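Fit chain B to the supplied structure of chain A, relying on the hints for placement.
Note that the protein sequences, when read in sequence, are chains A and B.
Under full-length UniProt numbering, residues 1 to 356 are what the first sequence spells out, in order.
Under full-length UniProt numbering, residues 1 to 288 are what the second sequence spells out, in order.
What the hints contain is simulated information worked out from the structure, not anything from laboratory work.
Treat the numbers as computed from the prediction; the structure is a model and nothing was measured.
Even glycine gets a Cβ: it sits at the ideal position worked out from N, Cα and C.
Check each hint, because a few of them may be wrong.
Keeping only pairs whose Cα atoms sit at most 25 Å apart, straight-line, the calculated PhoX-like set for lysine-lysine is [claimed, not checked]:
hint, chain 1, residue 1, chain 2, residue 2
1, B, Lys204, A, Lys134
2, A, Lys71, B, Lys187
3, A, Lys135, B, Lys204
4, A, Lys231, A, Lys278
5, A, Lys278, A, Lys318
6, B, Lys187, B, Lys206
7, B, Lys204, B, Lys93
8, A, Lys16, B, Lys93
9, B, Lys206, A, Lys134
10, A, Lys135, B, Lys206
11, A, Lys301, A, Lys318
The following residues of chain B were derived to be distant from chain A, with all beta-carbon distances above 12 Å [as the list claims (entries may be wrong)]:
hint, residue
12, Lys8
13, Ala21
14, Val31
15, Ile128
16, Ile211
17, Thr225
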Amino acid sequence: MARINLDHIRHAYGEKPKSEADYALKEVHHEWNDGGAYALLGPSGCGKTTLLNIISGLLQPSEGRILFDGKDVTYLSTQERNIAQVFQFPVIYDTMTVYDNLAFPLRNRGVAEPEVDRRVREILEMIDLAGWAKKTARGLTADQKQKISLGRGLVRSDVNAILFDEPLTVIDPHMKWVLRSQLKKLHRQFGFTMVYVTHDQTEALTFADKVVVMYDGQIVQIGTPAELFEKPSHTFVGYFIGSPGMNVLPAAIDGSAVRVGEETITLDYAPAVSAGAKTELGIRPEFITLSREGMPVSIGKVEDIGRQKIVRAEFVGKPIAIVVPEDGEIPADPHVTFDPAAINIYADSWRVGREG
Amino acid sequence: MNKTWNNKAWFMVLPVLLLVAFSAVIPLMTVVNYSVQDTFGNNAFFWAGTDWFAQVLASDRFWEALGRNLLFSAIILALEIPLGILIALNMPKKGLGVPVCLVLMALPLLIPWNVVGTIWQVFGRVDIGLLGRVLDGIGFDYNYVNDVFDAWVTLIVMDVWHWTSLVVLLCYAGLVSIPEAYYQAAKIDGASRWAVFRYIQLPKMKRVLLIAFLLRFMDSFMIYTEPFVVTGGGPGNSTTFLSIDLVKMAIGQFDLGPAAAMSIIYFLIILLLSWIFYTVMTSSDDQA
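So here's chain A without its partners, still in its complex pose:
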C-alpha cells in the first residue's frame, strides 16, 4: 500500500516528440493517496491505459518521475514496484489448475506453501470458484477466467497497489455488479490503493472515492462523483458524466449577466472570463424546471425511461434535454427556468469560478 506521486509525467509512443499532439499522455502531476480507490474514466484512446501502464511499470514515461511513498520508482520493473494488475481480457495459464493459477504469483515469490494455501483458499471463496480448484483452467467460461485473473491480482497481500484495466468488459451485467461490490468490500477490508480504468461511468462512479476523468491525453478533472456531477470543470466532463449529459449552450458574459440567445440570466457572481474566450453556459438536465413560467422552449420528443421522462426540446434554437419526474406534467405552452446554483460557466471549455 502506497501513496503514489506522479511528478510531471508525460509520454509519447514515438521517438522524439515534436509538438504537444505527439504525446499520448500530456503532462500529469498529481498525488494519489494511500489506500484510495481511484477510477480512471474516459473514452477509448484518451490515454488512460497508458497512464495505468506507467504506474505499473510496464511502460517507462518519456518524461517525469513516479514515486511510491516518496521513493523514486520510475526505472524500477513491475516486480520491484510490487504491483498487481488485472487486464481487460482474461489472462490465465491454460495448463494449470484453477488453484495453481491463483498460487502462481505467490509461489514465484517464494511464499511458504501453508501461507499459499491459506491465501488461495480465501480468494477461491471470494471469487466463488471453490468447487473448481482442481479443474484445469482451460475449459472455463470467459467470466470464470476473468475471475481467476482478478483473483491472481488480489492474492498477494503485500502489494503497493492493484491496478485494473477495464477488467469487467467480458463479464455479463449481473456478474459485473456482484464483482464490483466484492472489489469495493475488499478495498474497505484491506485498504489497498486501487486504480480502476474504465470507460463506463456507472462503474467508475460506484467503485471509486475519486474519479479521474481523462480526455485527449490529459486529466481534465479529479473529483468525487458529486463534484463531477455538480461542478464539471470541463465541458467534456459535463457531457461524459450523467445520462443525458450536461446541456452546453453558447453564451455571452457581461459581468454577472449571461446572455443565451435572446434570453438573459443573472447570476449572483461575475465569472472571471478573459476577453476573446469562447464562453458557454452549462446546465444539467436535472436542474431545468419545465413549467408555464420562464423562458420559452419548443418540445421535440419525450422519452419515458421509467422513473422519469427525458424531454428533448429546443431552446433559443439549440437542442437541450430536460429531466421531468414521471408524474410531472408537460404544459401546452412550455417554459423553462434554470436553477441558478446549478449553472456553470465555461471559457474555452474550462469552468470558471467566481471572480476574485
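Just chain B now, with coordinates in the frame of chain A:
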C-alpha cells in the same frame, strides 16, 4: 435454405475426384495389384496372394532399412524441434529484423531437394569441397564416402540445415499470436523466463508444434532425394533407407511384386506412426 439436396453439386466435385483418382487412387491401386501378383513380363500375371508381403517381412534387408529410418527420424526430430523452438524464441518480434529473419529462414526451404543434395555432396567432398577440405585441413579424418559415421553426420547436418527453418517458422507463427497481455501478466506475477516459456509460450505453441512434429516425422521418414544424391545409400548399405531400398528393388532389380508389397507396408507404417503421434499429442486436450 429450403432445398438442401441438389444432385448437380456432384459435378462440382468431379474435377477434384478425377485429379485425385489419377494422382493417387489409380497409382495406389496399381501398386496393390502388383503386390498380390507375380509376372514374368508379356502382361502375364499369376496370383501370388500374400507371398510377397511374407517375403518382405521375413527379409533382414527390410528390417535393417526400417531401423535406419527410425533412427534417422528420431535424431532429426530430437535436433530440429528444440533447435527450431530456440531460434523462434530468439527471433525479433518487431522492426526491420522481422522480414530479414523471415527471408533468411525461408531460403533453405526454397531450394529444390536434389539441389540441396548436390550442394552438400560438393560441399563435403574431401578433394574440392569447402567443408571437406577445411575439416581435413584441421586434422579431422572426415570422408563421407568411406566412413559410416561421417555419412550419417553429413546427412543429419544437411537435413537440419534444410528443414529446421520450417519448425522455426511454424513456432514463430505460434509465438507472435500470443497477446502482449500474457507477457505483462507474467511479469506482474513475477514469473521467471523459464515459467513464461513453460506456462505461456509452450502451451500456445502446442498446436503448431504438433504440425511441425508430424510434418518433420513424415518427411524425414520418407527421405529419398538427398541421401540418394549425397551418398547413394552407402557406404555399403549404411544410409540405405526404405525409400532408397525400394527404388533399388523396383527399378534396379525390377522385382515389382516385392517392391509393391514393401511400398504398402511402408505406407502403412507412416500412417500408423502418424496416427499414434497425433493421438498421443492431442489426448491431453480432451481432459479439460
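Going through the hints against the structure:
no.	hint	result
1	Lys204(B) to Lys134(A)	holds, 21 Å
2	Lys71(A) to Lys187(B)	holds, 21 Å
3	Lys135(A) to Lys204(B)	holds, 19 Å
4	Lys231(A) to Lys278(A)	holds, 19 Å
5	Lys278(A) to Lys318(A)	holds, 17 Å
6	Lys187(B) to Lys206(B)	holds, 22 Å
7	Lys204(B) to Lys93(B)	holds, 16 Å
8	Lys16(A) to Lys93(B)	holds, 22 Å
9	Lys206(B) to Lys134(A)	holds, 22 Å
10	Lys135(A) to Lys206(B)	holds, 20 Å
11	Lys301(A) to Lys318(A)	holds, 14 Å
12	Lys8	holds, 43 Å
13	Ala21	holds, 42 Å
14	Val31	holds, 44 Å
15	Ile128	holds, 51 Å
16	Ile211	holds, 18 Å
17	Thr225	holds, 39 Å
The structure shown violates none of the earlier numbered hints.
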